[in-house]
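Sequence lines, in order, name chains A and B.
Each residue of the first sequence is one higher than the one before, counting from 1 in the working numbering.
Each residue of the second sequence is one higher than the one before, counting from 1 in the working numbering.
Just so you know, not all the hints are guaranteed correct.
What the hints assert, rightly or not - In the SDA-like style, the derived pairs of lysine to any residue whose C-alpha atoms are separated by at most 25 angstroms in a straight line are:
#  : chain 1 : residue 1 : chain 2 : residue 2
1  : B       : K104      : B       : S204
2  : A       : K164      : B       : T369
3  : A       : K164      : B       : D217
4  : A       : K164      : B       : T331
5  : A       : K164      : B       : T371
6  : A       : K164      : B       : T355
7  : A       : K164      : B       : N111
8  : A       : K164      : B       : R268
9  : A       : K164      : B       : T324
10 : B       : K260      : A       : G71
11 : A       : K164      : B       : G329
12 : A       : K164      : B       : D318
13 : B       : K260      : B       : T355
14 : B       : K104      : B       : I200
15 : A       : K164      : B       : P347
16 : A       : K164      : A       : T31
17 : B       : K260      : A       : A25
18 : A       : K164      : A       : A25
19 : A       : K164      : B       : K104
20 : A       : K164      : B       : S187
21 : A       : K164      : B       : D348
22 : A       : K164      : B       : G328
23 : B       : K260      : A       : G91
24 : A       : K164      : B       : S356
25 : A       : K164      : B       : S370
26 : B       : K260      : A       : P69
27 : A       : K164      : B       : T117
28 : B       : K104      : B       : T117
29 : A       : K164      : B       : L319
It should be emphasised that the hints constitute simulated quantities derived from the structure, not laboratory data.
Please read all numbers here as calculations on a predicted model, not as lab measurements.
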Amino acid sequence: MLAVAAASFALVALAAPAYAALGAAPTYPVTASNTSAGAASQNSAAVARFAASSSAASAAYTVSQTTLPSGTVVSEYIGAGNTVFALSWQGPTMPPLKTLLAAYFPSYVQALTDAHSAQGGGYGPAAVHQSALVVETGGHMGAFVGRAYLPQALPQGVSADDIK
Amino acid sequence: MRKIARIIAAALGLGLALGLAGCGGGGGGSSSNSTANAPTNAPAAASAPAGPGGTTSNPSTGNSSSNALAVDASAVPTPVGPGNTMLVTVSGTGIHNQPMVSVKLCAPGSNASTSCTTIPNVIVDTASFGLRLVRSAIPTSTFNALTAETDQSSGLPLAECALFGSGYAWGSVHLADIGLSSEVAASVPIQVIGDSALTIAAPSECQVGRPLAAASDLGANGILGIGVSPVDCGSQCALTVLSQFYYTNAGNAVSVPVSKQISNPVARFAQDNNGVILEMAQVSDSGSATAQGTLVFGIDTQANNVLNGTGAPIFRTDLNGDFTSSYGGTTFTQTFFDSGSTVMFFPDTTIPRDTSSGYYIPTATVGRTSTLIGTNPASVSLGFNIANGATLTSSGNNAFNNLGIYMTRQFDFGLPFFYGRHVYYGISGRASSGGGTGPYVAYVSS
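Please model the entire structure based on the sequences and the hints provided.
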C-alpha cells in the first residue's frame, strides 16, 4: 500500500505523515512555490493571493496548494502552530478525504449516514454543518468541488467565505 | 434505515406497481402569473421560521432579488413503448427525487438473450458514467455468466473505486450485455458493487465518504450513469497508473485501456447511441407522492427524439458535462444538469436557510433567475423557484420541483429542474443534426 501511495502522489516526494491534515499538520509538503499568504479580511473579501505588499498585516494564515496526479487541486489553509483549519478542492477526483479530514473523518461519515437516513440524501453532493466541522462536497464524477473547515478554529477575522 | 430496507425488499421482490399513464399528469399547483408588479423579496428577519434542528440564517439585505415566481416548466414526456424508450419513476424508495428504471442484464455476447435478469430500481444518473449494480441484486445464475475482466499485465481480476460527492463504490469489473428498452449494449464493462469475492478493502484514497456497498446504502439496486462521457475515466487511465480508479483485486493501481473501462451503455448501442433525453412529467408545487417520465435513447435518430428545429438552447460542455452560468453576480464554471442530485445545490445568501441541514426554508416560495452561458444562443435566462424545504421534506411526498440546498462554488440543477422538461445529453464525439458534436446539453421547457 505504501508503494502504491508513493507512486500515486508522484508530485509529492514524501509519504504522508502519520497524523496529518485537518486539525493537524498539513498532509502535503509546504514549499515557497506552492504557498501564498492569506490576510484576515474585515468583511469577507477575497483571500490575498500574494504576500508582496509590505504594508499588509502579517499573514493570519497561509494557503498551500497541491495538484494531485489526477489533476485535482487541494488547498490547505494553515494557521497558527502549523495547523490546518480548512481545506478546499477542485478537480476530476475527490481528494482523499479519509486522510485529509483525519480525526474528523469518522464524524463526517456518521453525519452523511444520518442525513441519508433522515432526509433521504443520496450519494452525490452533500452539506454537513456541525458546530465543530463543516463540509460542503459538490460536483459529480469527473468534476468535483468542495471545502471543509473547522468553525471553531478559524483564525480571528477569517470567515467561511475566505475558504475557496 | 428500516423504512428504506422495507421498501427495497418490496421493490426487489414484487417490482413496483406502476400506472402507465403515458402522458405526465400531476402538474398544476400555484403556477404564478409573474408580472412586473410582483413584490421584491423584502427579507423579514423576524418572521423567518427556524428549521428543524438548526438555526436559521436570515438573508442579507445587501442585494435584494425580485421574487417573481417562475412559470413551471410544462413539457410532456414522449410515450413509452418498445424501441428506444423506458419508463422512469420517482416514488417512495426512501430517497426523494431519485428517478429509477429497470435494467436487463444478460451474459456478454448473447445479444441480451442468455442468463438474463431484470433489475428494478436503478438510479438514472446523467452526471456519472457507467452501469454499477449491487451484487445482491444480481441472481447468482446471471452473475456467474458475467465474465470477470482482468488486468492485462498481471492477469488478476480488476477492481475499481467509483467516487461520488458523498460516497464511494468499491467493486469488481465484469462484462455483460445490457438491455435497455429494445436497445442492446454488447459485452460492456460494468461495476459490481459489494462483490464478496473482492475480499480486499477499498484503498484508503478511495474512502471519501459513505461506503456504498449494499442496496440500502444507495436506496437503489444500482446506478445507470448515462452522462456525456463514454467511459468513466478515459485516456488518463489508459496511459498512466492513476490512483483512485482501477486496481487489481490485490489492491494495486493499474492502467486499463479505454475499451475495457466501465462504459456508458448508451455509447455502446448499435444505434440511437449519440445521446439521451430525460423527460420527467411536471409535479405539484407542494410535492407529489410519485412522478413518472421517459428516458429516450438517441438524439435526432427517431421521430421521438428530435432536437433539430425545437429551438432548444444548446450548451457545449466539457468532457464531464459542465458548462458556465452566472448567478447573483458570480460566475460558476461548474454548472450542470444532474438527475442524480436530489435537489438544487447552489449558493444564495438572500434565501433563508436551515444552517444545519442546508435546506432553503423561505416562508413563502421565492423565484430566482440564473443566466446560462451557451452556444446558441449565447445567453439564456432560466427561472426557477425555491420553496420551504422543511415543509416539503416532512410532507410525505417524494417528488419536488422546488427543493434546494445551499452550496458554494457550483450550480447543480438537480432533479427539480427536470420536471416539465426534456433534457438532452449529447455524448462526446457523437453528433446529432440539432446539437452538433458532443459533448453538449440542451433542454426544452414546453
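Going down the list of hints, with the structure as the test:
For a cut-off of 25 angstroms, the pair hint linking K104 (chain B) to S204 (chain B) is broken: about 33 angstroms separates their Cα positions. Distance hint between K164 (chain A) and T369 (chain B) is fulfilled; the C-alpha atoms sit about 24 angstroms from each other, no more than 25 angstroms. With a C-alpha separation of about 30 angstroms, the suggested pair K164 (chain A) and D217 (chain B) falls outside the 25 angstroms cut-off, and the hint is violated. Of the pairs offered as hints, the one joining K164 (chain A) and T331 (chain B) holds, with about 14 angstroms between alpha carbons and a cut-off of 25 angstroms not exceeded.
Between K164 (chain A) and T371 (chain B) the CA atoms are separated by roughly 22 angstroms; this keeps the pair inside 25 angstroms, and the hint holds. With a C-alpha separation of about 19 angstroms, the suggested pair K164 (chain A) and T355 (chain B) falls inside the 25 angstroms cut-off, and the hint holds. A C-alpha spacing of about 49 angstroms is found between K164 (chain A) and N111 (chain B), which places the hinted pair above 25 angstroms, so the restraint is violated. With a C-alpha separation of about 39 angstroms, the suggested pairing of K164 (chain A) with R268 (chain B) is violated against the 25 angstroms cut-off.
With a C-alpha separation of about 18 angstroms, the suggested pair K164 (chain A) and T324 (chain B) falls inside the 25 angstroms cut-off, and the hint holds. The straight-line distance between the Cα atoms of K260 (chain B) and G71 (chain A) is roughly 22 angstroms, inside the 25 angstroms bound, and the hint therefore holds. As the CA atoms of K164 (chain A) and G329 (chain B) are separated by approximately 16 angstroms, the hinted pair is consistent with the 25 angstroms bound. With a C-alpha separation of about 22 angstroms, the suggested pairing of K164 (chain A) with D318 (chain B) holds against the 25 angstroms cut-off.
For a cut-off of 25 angstroms, the pair hint linking K260 (chain B) to T355 (chain B) is broken: about 44 angstroms separates their Cα positions. This hinted pair does not check out: K104 (chain B) and I200 (chain B) have alpha carbons roughly 29 angstroms apart, beyond 25 angstroms. With a CA separation close to 13 angstroms, the supplied pair K164 (chain A) and P347 (chain B) stays within the 25 angstroms bound. Under the criterion of a C-alpha separation no larger than 25 angstroms, the hint pairing K164 (chain A) with T31 (chain A) is consistent with the structure, at around 20 angstroms.
A C-alpha spacing of about 40 angstroms is found between K260 (chain B) and A25 (chain A), which places the hinted pair above 25 angstroms, so the restraint is violated. Proposed proximity of K164 (chain A) and A25 (chain A) is supported: the alpha carbons are some 20 angstroms apart, at most 25 angstroms. Only pairs whose Cα atoms come within 25 angstroms are accepted, and K164 (chain A) paired with K104 (chain B) is rejected, the gap being roughly 43 angstroms. Note on K164 (chain A) and S187 (chain B): the hinted pairing is violated, with a Cα-Cα distance of about 43 angstroms set against a maximum of 25 angstroms.
The hinted pair formed by K164 (chain A) and D348 (chain B) meets the criterion: a straight-line CA distance of about 16 angstroms does not exceed 25 angstroms. Taken as a hint, the K164 (chain A) and G328 (chain B) pair is honoured in the structure, with Cα atoms around 17 angstroms apart against an allowance of 25 angstroms. Restraint check for K260 (chain B) and G91 (chain A): the C-alpha separation of about 24 angstroms stays at or below 25 angstroms, so the hint holds. Distance hint between K164 (chain A) and S356 (chain B) is fulfilled; the C-alpha atoms sit about 20 angstroms from each other, no more than 25 angstroms.
With a C-alpha separation of about 21 angstroms, the suggested pair K164 (chain A) and S370 (chain B) falls inside the 25 angstroms cut-off, and the hint holds. A threshold of 25 angstroms between alpha carbons decides the hint, and for K260 (chain B) with P69 (chain A) the separation of about 21 angstroms falls inside it, so the pair holds. At roughly 47 angstroms between alpha-carbon atoms, K164 (chain A) and T117 (chain B) are farther apart than 25 angstroms, so this suggested pair is violated. Distance restraint check for K104 (chain B) and T117 (chain B): the Cα-Cα separation of roughly 6 angstroms lies within the 25 angstroms cut-off, and the hinted pair is therefore satisfied.
Under the criterion of a C-alpha separation no larger than 25 angstroms, the hint pairing K164 (chain A) with L319 (chain B) is consistent with the structure, at around 24 angstroms.
The structure is inconsistent with the numbered hints 1, 3, 7, 8, 13, 14, 17, 19, 20, 27, although it conforms to all the rest.
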